[in-house]
Amino acid sequence: MLLALFLPCALVLWALRGRLNLLALGDDEARSLGVNATRLRLIVILASTLIAASTVAVAGIIGWVGLVIPHAARILVGADFRRVLPAPAALGACYLMLVDDLARTLTSAELPIGVLTTIVGAPVFALLLRRSRLGWA
Amino acid sequence: MLTVADAAFAYRAGRPVFRNLSFGLERGQVLCVLGPNGVGKSTLLRCLAGLDSFSAGTFHLEGLAGGRPNLGRIVGFVPQSEHSVFAFDARTIVEMGRAPHLSWTAMPGPADAAIVEQAMTRLGITRLASRLYPELSGGERQFVMIARALAQQSRLLVLDEPTSHLDFAN
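Chains A and B, in that order, are what the protein sequence lines are. So for the first sequence, my numbering puts the first residue at 1; every next one is plus one. So for the second sequence, my numbering puts the first residue at 1; every next one is plus one.
Accuracy of the hints is not assured; some may be wrong.
Among chain A residues calculated to face chain B with C-beta under 7 Å, some are [stated by the list, open to error]: (1) Ala15; (2) Ala24; (3) Asp27; (4) Ser32; (5) Leu33; (6) Ala37; (7) Val77; (8) Ala79; (9) Glu110; (10) Gly114.
Taking CB as the label site, the calculated pair distances span [to be verified]: (11) B:Ala111 with A:Met1: 49 to 55 Å; (12) B:Gly35 with A:Leu76: 45 to 51 Å; (13) B:Thr126 with A:Arg130: 33 to 39 Å; (14) A:Glu110 with B:His165: 45 to 51 Å; (15) A:Leu2 with B:Pro134: 47 to 53 Å; (16) B:Gly139 with A:Leu3: 49 to 55 Å; (17) B:Thr126 with A:Trp14: 27 to 33 Å; (18) A:Gly63 with B:Thr58: 55 to 61 Å; (19) A:Gly63 with B:His60: 40 to 46 Å; (20) B:Leu34 with A:Asn36: 32 to 38 Å; (21) A:Gly66 with B:Ala10: 23 to 29 Å; (22) A:Val56 with B:Arg127: 45 to 51 Å; (23) A:Leu2 with B:Asn37: 56 to 62 Å.
Derived from the structure by calculation, the hints contain no laboratory data. Note that the Cβ used here is the ideal one computed from N, Cα and C, for glycine as well.
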């Protein structure tokens, strides 16, 4: 599953990283810069949906990660997709390793990891929302 | 290089914004369109920039006919509207002007960086290069947009209200 779907889609997004910035400008401006925004958006949505779907198929649903990590990464590295693409991947991996360790060791019975991500995620997201002036909105 | 003959445009059929419009432009010439608000100047410019199409008449722009032309290499467009964008720094915005010269998966190289630098130097805005676009003033943003259009190295530059937000010295 990861090999067949995740990897190719991730490579597609990575290959397009230089173009993704242009989508942030809006369709008209993207067009006047020679980019077909509709087509690009379709490819990006398709690729990211397949990535999300294949990840969930492997790991199950773990809430509050996709909401918090990309925003945190944006605050760390700025808006440029050449950095925004890899940063949340690395940050999210570190975060999940940490939370998974906690879930296995906090109590004698293993906690569901979703419980922990929600406890961490919800307040962090509220905090991020309040700081939304930082430019990711 | 550019010919417009008997052109018209209508957002709704039967209510043309303008009609019977004819003019031509040679390489290096500057044309300035003046008129009261709401008369259709921006609409005309959007047609010239290829974002809308004239509903009647003929429109010929060198390089635009035949095949699948890359609009961004032929026309550089500085729109009038100003909207918020993500927090890119000014250099990244100007660098986007190189997009029409790059393939879908290519990254801007040293040659592109030189062109970007040159465009910013020409307008005297190199000091803004690493400032974030949303934090710039209206006039500084206008300069960045014009620099981006210059970096496109297009044959035709279409500027909508290019002097808005600029002070008298500019």
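So, going through the hints one by one against the coordinates:
| no. | hint | verdict |
| --- | --- | --- |
| 1 | Ala15 | 4 Å, holds |
| 2 | Ala24 | 5 Å, holds |
| 3 | Asp27 | 9 Å, violated |
| 4 | Ser32 | 4 Å, holds |
| 5 | Leu33 | 5 Å, holds |
| 6 | Ala37 | 12 Å, violated |
| 7 | Val77 | 11 Å, violated |
| 8 | Ala79 | 4 Å, holds |
| 9 | Glu110 | 40 Å, violated |
| 10 | Gly114 | 30 Å, violated |
| 11 | B:Ala111 with A:Met1: 49 to 55 Å | 42 Å, violated |
| 12 | B:Gly35 with A:Leu76: 45 to 51 Å | 48 Å, holds |
| 13 | B:Thr126 with A:Arg130: 33 to 39 Å | 35 Å, holds |
| 14 | A:Glu110 with B:His165: 45 to 51 Å | 59 Å, violated |
| 15 | A:Leu2 with B:Pro134: 47 to 53 Å | 38 Å, violated |
| 16 | B:Gly139 with A:Leu3: 49 to 55 Å | 52 Å, holds |
| 17 | B:Thr126 with A:Trp14: 27 to 33 Å | 31 Å, holds |
| 18 | A:Gly63 with B:Thr58: 55 to 61 Å | 58 Å, holds |
| 19 | A:Gly63 with B:His60: 40 to 46 Å | 57 Å, violated |
| 20 | B:Leu34 with A:Asn36: 32 to 38 Å | 34 Å, holds |
| 21 | A:Gly66 with B:Ala10: 23 to 29 Å | 45 Å, violated |
| 22 | A:Val56 with B:Arg127: 45 to 51 Å | 47 Å, holds |
| 23 | A:Leu2 with B:Asn37: 56 to 62 Å | 57 Å, holds |
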